[in-house]
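With the sequences and hints as input, model every part of the structure.
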Amino acid sequence: MLMTVVRKLERKHSLAVVALVIILLNILLAVFATAIAPHDPNDVSLERKLMIADDRYPLGTDHLGRCILSRLIYGARVSLSAAFAVMTVTLAISTVVGALAGYAGGRVDALIMRICDIFLAFPSLILALALVGVMGPGLPNVVLALALSQWAWYARMIRGMVLSLKERNYVLAAKVAGTGQCTIIAKHILPNILPQIAVLATLDIGWVILHIAGMSFLGLGIQPPTPEWGAMINDGRQFLRGYPSLMAYPGIMILGVVMAFNLLGDTLRDILDPYGKR
Amino acid sequence: MTKQPLLAVEGLEIVIRRKDKLTPVVRQLSFTIEQGEIFGLVGESGCGKTLTCLSILNLLPSGIDKAAGNIRLNGTNLGELSREGWRRLRGDKVALIAQNPMSAFNAIRTIGDHFTETLLAHGKSDTRAARETAIAYLTRVGLPDAPLLLRQYPFELSGGMLQRVIIAIALAQKPDLIIADEPTTALDATSQVQILDLLAEVRREFGTSILLISHDLGVIARLADSVAVMFGGQIVEQATVAALFAQPLHPYTQALMNARRSIGLARRQRLPLSLARPATTIKTSLVTTGCGFAGRCPHVNGACRLLLPGQAENYAGSHWVHCRNVAGSQREAL
Amino acid sequence: MVDYIVKRLLSIIPVLFGISVITFLMLRLAPGDPAEAYLRLSQIPATEATVQAVRLELGLDRPLIVQYGDWLVKALMLDFGRSYATHRPVWDEMMFLLPATAELAGVSLCTTLAVSLPVGILSALYKESWFDHFCRLLAFTSAAMPNFWLGFMLMYFFAFQLDLLPTLGRGSWHHFILPAATLSFGYIATYIRLLRISMLENLEQPFVLYARARGLKESWVIGRHVLKCALLPLVTALGMSIGHLLSGSVIVESIFAWPGIGRFCVSAILNRDYPVVQCFVLMMSIVFVMANLFVDIAYAWLDPRIRLKGES
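Line by line, the protein sequences are chains A, B and C. Quick note on numbering: the first sequence equals residues 1 to 278 in our numbering. Quick note on numbering: the second sequence equals residues 1 to 334 in our numbering. Quick note on numbering: the third sequence equals residues 1 to 312 in our numbering.
Hints may contain errors.
Listed next, the in silico SDA-like pairs over lysine to any residue satisfying Cα-Cα at most 20 Å (straight line) [stated by the list, open to error]:
1. C:Lys-228 with B:Met-102
2. C:Lys-127 with B:Asp-65
3. C:Lys-217 with B:Arg-88
4. B:Lys-124 with C:Glu-218
5. B:Lys-93 with C:Lys-217
6. B:Lys-19 with C:Ser-129
7. C:Lys-7 with A:Leu-111
8. B:Lys-66 with C:Leu-25
9. C:Lys-217 with B:Thr-110
10. C:Lys-127 with B:Pro-61
11. C:Lys-217 with B:Gly-85
12. C:Lys-217 with B:Ser-62
13. C:Lys-217 with B:Arg-87
14. C:Lys-7 with A:Asp-117
15. C:Lys-127 with B:Leu-59
16. A:Lys-175 with A:Ala-104
17. C:Lys-228 with B:Thr-110
18. C:Lys-217 with B:Pro-61
19. C:Lys-228 with B:Ala-107
20. C:Lys-217 with B:Ser-125
21. B:Lys-124 with C:Lys-217
22. C:Lys-217 with B:Gly-123
23. C:Lys-127 with B:Arg-18
24. B:Lys-19 with C:Lys-127
25. B:Lys-124 with C:Trp-220
26. C:Lys-228 with B:Gln-152
27. B:Lys-19 with C:Glu-128
28. C:Lys-127 with B:Ile-64
29. C:Lys-74 with C:Leu-25
30. C:Lys-127 with B:Gly-63
31. C:Lys-217 with B:Leu-78
32. C:Lys-217 with B:Glu-84
33. C:Lys-127 with B:Ser-62
34. C:Lys-127 with A:Asp-270
35. C:Lys-228 with B:Arg-151
36. C:Lys-7 with A:Arg-114
Just so you know, the hints here were simulated from the structure itself, not pulled from any lab data. Predicted model only: the values in this text are computed from it and were never measured.
So, in structure tokens, the structure goes:
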């Protein structure tokens, strides 16, 4: 199994490795932000505002005199942790619901699928926006809102996977042996669908990062002064004409990270060959 | 005066190209088909029969190329045809009847669409004339209610009916040669017989030659005039159907015949099927030195593995076999 | 076919019902008192008395089910109350602004199709050529790009630097270009990919070989056979896209100050103008559901296997 992975990785070797490096780099930035960033991202000083790049401030400063590079680095921490949080919550909800629906079947399945249908009927961003709109902005609400707008899709996929595994021989054997339902799900079914879920999650993280940035951009997500790439783009709006770099850098960061995740997800999918097409 | 054969294939070589590695799948294939002859090509799956057909039409899939050889139709060397020349040839001079009639059609277009577009591609002037021709030929091959048929979609017809449609489309251009690649394999027994009879009638009425591919000796026996047995990309034996069935010379042919017979025998008397078991992949039946059949041959000797079987030997007219052992031992018997 | 339509129509009823329930309940999640929000937006000081009065006026003191029933009935009559901010009927406001959003969405959709169809098809036909690789790279990049960032970058180059196009608002056809380009960019990527895969799959099908074996011109093989099959999945994708286009317009309208419902809704969200938010969510979801329904029916009609047999 590992040999196949390695062999197939060699094919898309250069690209996937680059993607992985980018992602790891960002994670490092996020985790060690305090050590890496040259300045405090919230250090306001109107005297230093809108400076172009120099030795002390490699990417210049924004309209409040804060170091852009430091804000980008701390922004990695915010964006990535928010995105991981969203994926964790989403997967937690959808795995439970989806596995339940797939395994139980019958009326429970039908009911859950109906509920999924309803949630899927909302265009995702709109539901998230509205939820954040009523619950108020801020990171926890953003995470919850995005998770609520995504879980239904995952629940469906997981249900499908569980359904196809339900009739496999080893599951039936476990049933005959008297293994409890929960144990069957936990020990036999879930581990086997883990690769596919991993692929789906990786392909989706990019989307989540984009949406978090989008909501912060609209002023509904992460609140200032916390540095977040989307919010930084919003901040730089009024200065577009004169100082486009305020907006350009955060955008490039988002672009890079999302591309890396998408590339990684694509490669993983090629290797692990998951269910169905996306 | 010898009439020139309709189709003459000489020294055909087909290779699979994968990452700079060339693997031969058809080696030194030569045969001729006369006007009005039904020529059978029999062999197990993977022996290269379909690729041979496709190369006659220049429709080999990507990654598979014709490496050498000449194919002549009515004297014209097909290798010199332009793209447009090939297009005109296909469906007009040489028609194809494929194995699975259902998948040969585009599910979202009607039978009529398929028929009329073929006619229009080959010179019919307008749709109305095309429709009428279509109706005429559909009726000719025994399909009822042709006008309704034209409006129907492929999934609404049975396999047997679709195969008749394909034959009708093939006939409408009055081709010189019909290539029938396992035309009955996907059909039920009754339809099989009907299609074979239809093809026999086609040859009778129109004088069309037919290249009949099958892995089923029964089909060959019923329809073909002459037959060539293929194994591992080469023709190992060739004769008239009568001669071949009367006296199969090559060990592979013998095994094939045995396999057919033994299915009906009682278990005790069953002959070993191992000789005629089908190759599961092309790789296992390909051998680059020596005879391709050496791995399975009961009469194999050392020379067989190292040296090619040598030129085909001619016995009793047009029965020849590609085997060095037969050359030696059987010659005295005849 | 009729069965299919009826079945689909019946299946969306519970979904529509569920949407209405969730939309209604959403407001209950709001921290703070809707009455207070109303007062704040109306710039009336919030005292015990005013809060109580507003409560009664908005019917907030009755049980939830009753409130829901009341709200639903009013919604069916297109009465979504009045905007807390403008005090005009929500429905009227939405209807006033809808044409602008619809226009933008329409132009974007056309642009998307106009660009992605030829590119996707050519990409598949000339697989592995430099064109194919370039387009795939472009598609990949645009899928990862935040569309609001793109909007601003385009604005910077075309409006500020080159001074070619106007930046804000709606007026002549010039005003369409940047917003439509921004909005359609992401979808072009998706459609190119979709079409390319669809084409490549169909090019492998046996009926293509048979079509060539019959001597059809290559342009006929592609145009009459492959394309028709390859475009079918696009029809389904269109349904999803309409919903996403409408939600994507929220951001694009904010960037370019396009006077549509999206922009209105964003300010409503920021201002806690709940009736507007409710109506917006409900409307967008219903449009989404109906678009998908319509697309499903169109697909069923286009694919004779479903149209005549009821299954594919």
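Between Lys-127 of chain C and Leu-59 of chain B, does the CA-CA distance stay at or below 20 Å?
18 Å, holds
Hinted pair Lys-217 of chain C and Glu-84 of chain B, Cα distance within 20 Å
OK: Lys-217 of chain C and Glu-84 of chain B at ~9 Å, within 20 Å.
Distance restraint between Lys-217 of chain C and Ser-125 of chain B, which requires alpha-carbon spacing of 20 Å or less
16 Å, holds
Satisfaction of hint between Met-102 of chain B and Lys-228 of chain C, Cα-Cα up to 20 Å
It holds: about 18 Å lies between the C-alpha atoms, which stays within 20 Å.
Does Glu-128 of chain C sit within 20 Å of Lys-19 of chain B, going by the straight-line distance between their CA atoms?
15 Å, holds
Can the restraint linking Lys-217 of chain C and Gly-85 of chain B be considered satisfied, given a maximum Cα separation of 20 Å?
Answer holds: Lys-217 of chain C to Gly-85 of chain B is near 11 Å, not above 20 Å.
Hey, Lys-217 of chain C versus Gly-123 of chain B, does the alpha-carbon distance stay inside 20 Å?
12 Å, holds
Can the restraint linking Lys-74 of chain C and Leu-25 of chain C be considered satisfied, given a maximum Cα separation of 20 Å?
16 Å, holds
Hey, Lys-127 of chain C versus Ile-64 of chain B, does the alpha-carbon distance stay inside 20 Å?
17 Å, holds
Just to be careful, I want the Cα atoms of Lys-228 of chain C and Thr-110 of chain B compared with a cutoff of 20 Å; is the pair within it?
13 Å, holds
For the pair supplied as a hint, Lys-217 of chain C and Arg-88 of chain B, is the alpha-carbon distance within the 20 Å limit?
This hinted pair holds, its Cα atoms lying about 9 Å apart.
Does Lys-7 of chain C pair with Asp-117 of chain A here, judged by a C-alpha cut-off of 20 Å?
Holds - the C-alpha atoms of Asp-117 of chain A and Lys-7 of chain C are around 15 Å apart, at most 20 Å.
When the structure is compared with the earlier hints, a violation turns up for hint 8 alone.
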